[in-house]
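Spelled out, the chains give:
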Amino acid sequence: MKKMTFALSAAALAALTACGGNGDGAAEDSLGQITVGGKNFTEQFVLAKITSIYLEENGYEVEEATNMGSEVVREALVNNQIDLYWEYTGTALVNYLGQEPLAEQEEAYDIVKEMDLEENGIVWMDMADLNNTYTLMMREDHAEELGLESVSDMADYVNDNPGELNFASDAEFATRGDGLPGAEEYYDFSFGSDNVSRMDAGLTYQALRDGDVSVAMGFSTDSRIVNFDLKNLEDDQGFFPAYNAAISAREEVLEEYPELEELLEPLAEALDTDTMTELNYEVDVEQRSETEVAREWLEENGLLD
Amino acid sequence: MSRLNKNKIIALGFKAVFWFLVLYFLYWAYSNGYFDILFNQTDEFMTLLRQHMTLVALSSTFALLIALPVGIFVTRPAFRKTEWFFMNAANLGQTIPTIAILAIVMSYLGIGYQPAVFALTVFSILPILRNTVAGISSVDSEVLDSAKGMGLTPFQILMKIELPNASMPIIAGIRTAIVMNVGTAALAYLVGGGGLGDFIFTGIMLRSNEYLMSGAVPVTVLAILIDQVLRVVEKVVVPRSLRTT
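The listed protein sequences correspond, in order, to chains A and B. Taking our numbering, the leading residue of the first sequence gets 1, the next gets one more, and so forth. Taking our numbering, the leading residue of the second sequence gets 1, the next gets one more, and so forth.
FYI, nobody ran anything at the bench for these hints, they're computed from the structure. One or more of the hints may lead you astray.
DEER-style ranges, computed between Cβ atoms [claimed, not checked]:
1. Glu-75/A to Thr-61/B: 45 to 55 angstroms
2. Val-232/B to Gly-147/A: 55 to 65 angstroms
3. Ser-208/B to Gly-238/A: 24 to 34 angstroms
4. Asp-227/B to Gly-182/A: 33 to 43 angstroms
5. Gly-147/A to Glu-44/B: 25 to 35 angstroms
To spell it out: a stretch of chain A is covered by chain B in this simulated footprint if at least three of its residues, at any positions, have a beta carbon under 8 angstroms from a beta carbon of chain B; those stretches are [stated by the list, open to error]:
6. 173-179
7. 205-212
C-beta atoms are modelled at their ideal positions from N, C-alpha and C, and glycine is treated no differently.
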């Protein structure tokens with residue numbers, strides 16, 4: 001028995017050494033090794049893939065560590081387990097830095113960029129024009145029928161026809177100050193608590209499509225908005241907080257690879273909310289692989305040589 | 001005799017410690033402001049409480065109306081062979097996670113009250129059915145024989161011999177079903193069914209103890225209260241000679 005244990009550990013040791021050897025060998029002709037992290041939903045899988053493929057094509061050796069919750073992926077970045085990942089300004093501002101949510105995109109980004117570097121040594125690269133924020137949605141035909149384009153239009157309609165529209169929300173949005181109560185106060189209307197059904201966040205799209213409710217909360221880049229013929233009501237007075245995506249990385253990583261920030265710049269430049277919704281649609285609805293979708297997008301935008 | 005007393009004293013001691021802990025917990029939660037929601041949003045709380053109780057009442061009634069007749073049906077000698085089918089169907093109802101039942105029926109019943117009531121009903125059938133069948137089956141066959149010998153009709157045997165003799169396990173099954181139902185009804189939130197689950201899930205999402213406690217503690221209290229009420233019902237319904245406790 002003892003002999004076998006010894007043999008096994010020897011084999012394991014040999015395997016480890018071999019791996020180490022291989023890694024070193026590959027590192028010689030690559031510019032360096034980078035671990036790209038990501039969260040656990042479609043958009044994040046696509047963003048992580050885009051970044052990995054792009055870095056690989058530019059001569060880096062890339063490892064991927066995706067499928068983590070917000071808190072976990074952030075923890076992994078802080079603890080050096082990953083080198084960079086796409087984070088949202090609103091999430092960092094409220095959850096990691098304990099600030100009040102802000103609707104103004106540039107302002108939110110500036111605060112996050114400054115505070116996170118100062119307090120945590122985390123660098124925020126350029127942000128994309130990709131804002132995965134809360135949105136109020138209606139069925140496209142219903143909105144057209146009532147002539148509603150924006151949240152202001154809807155607020156007026158609700159005030160003129162109290163109790164006619166009902167609303168689907170998750171528990172968080174129904175309660176948070178940057179959610180429904182805040183929006184009702186900001187736009188000066190009220191659905192009334194009898195007309196608000198609280199349910200799981202993912203269900204609101206279905207409830208709206210099936211006509212169970214007339215207005216619902218959603219996330220602006222969810223592909224079901226396209227797929228279910230839903231319409232985002234324009235946040236014309238700019239209430240909802242900004243959740244712009246940007247790559248966040250540790251300071252030391254950028255000291256080691258100072259060229260990274262400039263190299264990754266074109267990614268953030270080319271991504272916007274509509275593009276992201278389309279990419280999510282390709283994966284969620286058309287059932288294509290994230291790798292395929294990511295590579296195709298990179299090629300279309302001339303980001304691969 | 002002295003041993004019995006000793007056991008009784010130990011049991012009493014445990015009870016006292018338990019109640020002390022419960023009361024201390026409630027005091028602690030209260031002094032931390034964890035029940036603030038109850039006072040600040042009393043209207044909202046009352047609405048959710050009413051919804052919660054309606055969910056439980058409706059689904060428990062449906063479960064009772066289904067499980068009791070089915071339990072009696074499968075224990076009739078002529079239909080004994082169908083027991084296998086109904087028990088497995090009920091088993092299935094409880095084995096599928098409530099969330100999955102919700103998700104499946106939602107496609108047909110939409111969102112809101114109906115799918116929640118449906119799922120809770122399916123979930124509550126098994127304990128009642130199983131105890132009804134077990135209770136009726138456990139009635140002594142010699143008692144049944146003598147009843148037959150006395151010339152009672154099958155219906156009289158059911159009403160005068162079988163059901164009274166089985167009442168203890170049947171009510172125990174109903175108690176189990178309803179008490180579990182009170183807790184499970186919190187999941188109604190997921191499909192927009194309302195109830196105190198709204199507060200509980202808000203608490204989980206916002207990491208707010210205020211919401212969590214203001215939802216969870218009333219649910220627990222409700223379960224305990226209903227259990228006590230059913231205990232009284234048990235005392236009234238179960239013949240004195242059959243009581244084991």
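Exercise for review: Sort out which numbered hints this structure fails and list those numbers smallest first.
Suggested key: Those not satisfied: there are none.
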